[in-house]
Amino acid sequence: MKRRRMNQVPLFSSAGELANLVVTSNLTDISWAMILEFRRGQSALPCSVQPMVYDPTPNEPNRTIVVFAPSPDSTQYALSQGGDLVPCPEFDFLCTKGCPSVSINRAALTLFTPLYGHLSALKNKLNKREGQLIITGHSLGGSIASLFTLYLLSSMDKESKCRPICITFGSPLIGNFGLQHSHWNSFFVHVVSNKDPLPTLFLPSGRSAPTSSHSQATAYKPFGTYLLCSELGCACFDDPDLILKILTVASSEVAGGVLQVVDYGEILRNLKNRAICKGTQPVGERFAYPFSDGIVMELKTIGIDPAKHNIDITRMEAEARALAKKTNASDAKELNDIKKYMVMLEWYKKKSKEANKCYYDCFKNGDFQRDVRIEEFVGQLTTYWEDMVAQAERKPQKEGASFRTGWLQSATTFRRMVEPLDIAIFYRDGGRDYINNGRSPLYKLLQKLYDEAAKNPPDSKKKNVSVLLTDDSCFWAHVEESILSCQSLNHANSTPEQRESSWKNLVKFGEYVTKQIENFAVSPEIFLEQSTFMKWWRMYEASIDAFRNFYTSPLVNFMKSHKYDDYGLPEEA
Amino acid sequence: MVVWLPGNPQTSHCSLPLPYPTNYKTSSTRPEQRERKREKMGETVGNRISVSEEIINRAASQAMRAHNSGGRPFILDKPRGLSVAIFAFAGSWLPDDWFTHPPFGETTMDTSTFPSLRSVGNDEVAVVNASFLRRFKAIIDQLSLEKEVQKVVVDKKQVLFTGHSWGAAMAILATLYFLEKGGPNQNPPRCITFGSPLVGDRIFGHAVRREKWSDRFIHFVMRFDIIPRIMLCPASIEHQQILNHFNPRSEFYGKPIDPHLAFYLKVMGSASSVATHDACNLMGCTNPLLENLRNFVELSPYRPFGTFIFCTGNGKLVVVKNPNAVLQMLFYTAQLTQEEAAEIAQRSLYEHLVYDNEVQESLGTQNVVYLDSLEELPLTSDSGPAIVNAALNDLGLSTEARLCLRAAGGLENRRLRNQAKIDDNQQKMKEELSKLRGYQEKGETLGLGYYDAFKSQEEKADFDANVSRLVLAGIWDEIIEMLRRSELPDEFENREELIELGTLYRRLVEPLDIANYYRNLKNEDTGTYMTRGRPKRYRYAQRWLEHAEKKPSGWRSESCFWAEVEELCSIKTGSNNGPLQDTKKQKIQQLQKRLIEWIHDGCLGKDVVLEGSTFVKWWKTLPSEYRSEPESSMIANLIHG
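So the protein sequences, as listed, match chains A and B. Heads up, the first sequence is in the numbering used here, so the first residue is 1 and it goes up one at a time. Heads up, the second sequence is in the numbering used here, so the first residue is 1 and it goes up one at a time.
Hints are computed from structural coordinates only; laboratory data are not their basis. Incorrect hints may appear among the rest.
Here are the simulated lysine-lysine pairs, DSBU-like style, with alpha carbons at most 35 Å apart [said to hold, decoys possible]: (1) A/339 - A/353; (2) B/147 - B/550; (3) A/339 - B/137; (4) A/245 - A/398; (5) A/350 - B/428; (6) B/421 - A/339; (7) A/278 - B/536; (8) A/353 - A/158; (9) B/536 - A/326; (10) B/212 - A/325; (11) B/266 - A/353; (12) B/428 - A/325; (13) A/333 - B/78; (14) B/156 - A/339; (15) B/181 - A/325; (16) A/300 - B/321; (17) B/78 - B/156; (18) B/442 - A/333; (19) A/535 - A/444.
Can you build the whole structure from these sequences, using the hints too?
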């Protein structure tokens with residue numbers, strides 16, 4: 001055990017440091033102070049739910065604060081509505097692959113829904129602000145603050161100069177969605193005391209969750225950073241599973257019965273003092289491994305005994321190690337590797353052309369593979385793009401979309417270059433109907449993304465056609481299917497119905513190719529003497545002679561008159 | 001010889017009506033013990049930092065005395081028998097001399113006076129306290145300092161700058177000023193400070209370490225002294241109170257600060273924010289919240305640099321060089337416990353004024369600990385080497401503090417490992433470069449320059465060159481990314497072999513990137529190569545060379561020759577828009593001039609002037625008014641032989 005650790009890069013747990021930074025930063029102090037100020041002014045309006053906006057002042061010219069602190073009456077009313085999850089299509093912009101529809105806690109929605117119109121106007125107003133924007137709230141007020149922040153983020157563009165942060169105190173869990181792979185996760189800090197029963201109210205082991213069934217209750221997912229605190233100190237965590245576990249433990253330990261009021265002001269004062277003053281941690285305790293012993297120390301500080309509550313420190317260490325390994329520097333290298341593999345494929349294509357063949361056919365026949373390790377490159381490229389797509393899918397829809405536009409162009413080049421090779425293998429091994437039986441989800445998805453994006457700006461045709469990749473990455477699948485149709489047409493045992501259907505398919509294919517040629521969307525390489533396309537043409541031509549003498553079409557004319565010899569050549573001036 | 005004497009040197013500089021209890025001094029080591037310890041240790045701290053104890057003591061007493069020198073900016077002391085001249089700078093307690101504007105009173109460094117104080121590749125200028133810089137420039141403008149230093153240099157004496165408190169900041173800037181000016185054979189100046197405030201930011205320290213000047217700076221800091229921490233805190237009422245307490249002209253001079261704890265908590269609260277923020281980074285915090293917090297938390301930009309020697313207050317010295325560790329120690333060593341809070345707050349003022357005695361005493365006992373291998377630091381008070389642990393306990397370093405120090409050591413080791421990894425890659429880089437060199441030479445013998453060959457991408461060799469280009473790009477982009485994230489040692493960009501390799505790489509391979517850019521017509525939808533397309537790896541490499549040669553920015557742009565040619569080609573000659581033609585004419589004449597220089601210096605290949613090259617074809621079409629003599633005939637000569 002010891003030796004294994006010695007050889008590794010040392011890891012540290014910074015949960016305590018980050019928490020100290022938050023509490024000494026004054027962010028939490030200011031937020032809490034504003035909540036108190038709002039409450040003092042609120043006494044006249046017993047049922048108020050609306051937020052209060054504190055605009056920038058001469059002292060703080062860059063700071064706007066929005067406080068959500070519904071009155072105790074409205075909070076009580078909302079809580080009495082129950083803690084089950086209600087599907088909420090307004091928040092579907094948070095959908096990810098793992099969470100196809102968003103549900104929100106009923107109590108929070110009870111307060112949020114009537115405010116929708118008001119918040120929509122507020123959102124438009126704040127969107128144009130520059131500088132710091134603190135959105136804060138206590139208990140259910142914190143839940144609406146979070147919902148409002150999400151709503152605001154969904155309409156904010158990259159150029160926005162508004163820098164939001166949402167700080168909640170003792171707020172219950174809100175919904176079934178996660179933000180773990182999203183940049184948005186960094187906008188939330190939830191302060192939760194281990195003495196506060198409210199945050200765990202809707203968890204299964206909590207005392208009350210009257211209307212919710214178990215399966216629904218466990219669907220709650222924390223997001224953002226939790227600043228968990230006890231009298232001894234605090235620690236920040238952003239791993240949803242760990243947070244859920246800690247909250248569950250806390251909920252079983254909080255003194256039951258009445259909802260006692262927790263004074264976060266007092267808690268913050270104590271925490272700040274502890275950050276500045278020397279800890280009471282008795283120096284002299286066994287302490288050998290910075291990460292594991294450090295995290296045990298941090299968990300104990302917030303009142304959790306990892307051994308007793310079955311928290312897997314080894315797994316946490318492994319995850320932290322994996323995260324630490326992945327750096328931006330290695331990303332830079334990977335990107336250049338990917339470019340390199342594409343250059344290799346380009347070379348394979350060129351080499352094939354010099355031998356008067358299509359790279360599609362060369363690959364199908366296994367030519368030159370000893371020179372160029374095509375399969376390896378294809379494998380690396382596919383893994384890379386699968387990973388990129390997966391990354392985009394884990395993000396909330398809106399964020400995922402802008403992430404993808406950055407690389408869609410390269411992904412399309414990849415698809416046009418590499419998919420023909422997959423098609424070649426498929427038909428070489430006797431496959432039928434590639435598009436329905438053989439096409440991988442990756443290509444389908446990339447194609448879909450491309451089609452969606454291409455609706456707006458047309459593809460610019462700046463390159464000369466001779467180095468062009470065929471636009472439709474499934475072109476060769478259509479060719480192979482048409483060869484099969486020709487065979488069926490010629491086959492002695494075919495029924496007239498089969499012949500008729502094959503002929504129809506061939507006519508359709510002919511129209512398709514004509515259109516491609518007119519748009520300069522196919523590479524001229526398909527007309528090379530030994531290509532599968534030319535093989536098809538010869539079969540087709542023979543079939544026409546045999547079955548439909550004198551049949552003609554634009555493609556037949558184009559092919560018979562050898563117009564393809566001039567296809568893609570620069571026009572004479 | 002003492003040039004200026006402010007009174008009896010035997011009396012303490014500290015003429016405060018002492019509000020401090022006298023039992024702080026707890027030096028328990030008796031003389032005989034001192035002797036024994038020194039023998040055991042063998043090497044003294046003076047040997048280790050290569051300044052004798054005698055000189056340090058002398059500097060301490062001069063620094064304290066100069067602090068009250070009444071109007072003179074510095075005093076000069078040439079002690080008999082020592083080959084050193086000590087320049088000790090006067091102090092100041094005027095608020096304007098500490099902070100020009102809230103919150104932190106910083107400004108970017110004046111790079112014409114201090115050209116090295118910036119990061120080279122990342123191209124960020126260091127930040128310095130604006131008041132310090134302004135006052136220092138005023139001293140320089142008086143010329144007397146420069147004259148005196150000249151004399152000392154002629155006498156072949158070591159120049160030593162020193163200062164206490166505010167004077168220490170002047171000593172630091174003076175040292176840097178003369179380090180920047182120093183000739184190659186001149187003995188570089190040294191700097192010893194006592195209770196110095198922080199002067200510059202992270203880049204400031206980075207630049208000093210990159211230039212290998214870090215060892216020239218020794219900073220003594222008492223465990224609780226408030227002044228070395230004061231710059232971590234934004235300008236505030238508490239600041240004023242502290243300065244007034246020390247200022248003999250203030251009505252609050254020497255009086256207890258009221259309330260007695262608030263000023264200390266204020267400074268330590270800010271110090272805590274800075275220390276925890278940096279600790280999160282040292283510990284590799286992956287929580288994205290950290291990034292967003294930067295938008296909301298006002299953090300002081302100032303960071304320590306140089307060798308720090310912490311005085312524990314009971315005769316021990318702890319020497320730390322790692323700047324991140326020093327910052328953590330500035331916070332953690334002064335952390336108070338709730339019981340002794342009031343006492344510590346007072347002590348933080350008192351300790352600022354006792355450097356001469358404390359340093360002299362500690363140097364006498366030679367009870368010194370060097371925190372060099374931070375990654376092996378004992379985490380608890382009962383583990384590890386006893387002497388190290390005793391010192392860490394004397395400084396009051398908790399387990400949390402020790403974890404931060406370990407993380408600081410860990411970062412430094414990670415940087416070294418990254419550098420070693422790059423060194424391992426050097427062979428690979430050289431191999432790829434020699435392949436490309438072969439490609440270039442082959443082109444020359446065949447009469448088709450490699451730029452044009454690469455742009456057409458006809459042959460197998462062109463594809464192979466493209467692969468080599470991408471392999472190299474991968475390695476260099478990784479290096480640049482590490483530099484951007486400060487994941488390499490500070491000295492990295494000052495390594496000759498790196499600058500050389502980078503230059504070689506840039507001159508040979510950048511033309512291929514340019515060819516690729518214009519081959520794919522990226523200029524049409526993205527913009528010119530120089531404005532939108534030039535990869536960072538070339539920008540960085542060019543800046544390294546320009547910095548090493550002390551040349552202005554843009555001087556070494558020979559590797560962009562082809563980009564300029566491509567851009568000039570794309571402007572049609574002879575069309576009727578006057579101003580465009582004029583700038584074009586200027587650019588073309590400039591390019592011809594530089595082309596001759598570059599080919600003459602050997603930093604541009606002969607392939608440029610091969611008969612069929614893009615350049616020559618274009619050059620031949622130039623109307624005569626675009627050419628000027630003698631360049632034109634020189635280029636013609638180059639083309640024909």
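Hint by hint, which ones does this structure get wrong, listed from lowest number up?
Numbers 3, 7, 8, 11, 13, 14 and 15 - these are the hints that the structure violates, sorted from lowest upward.
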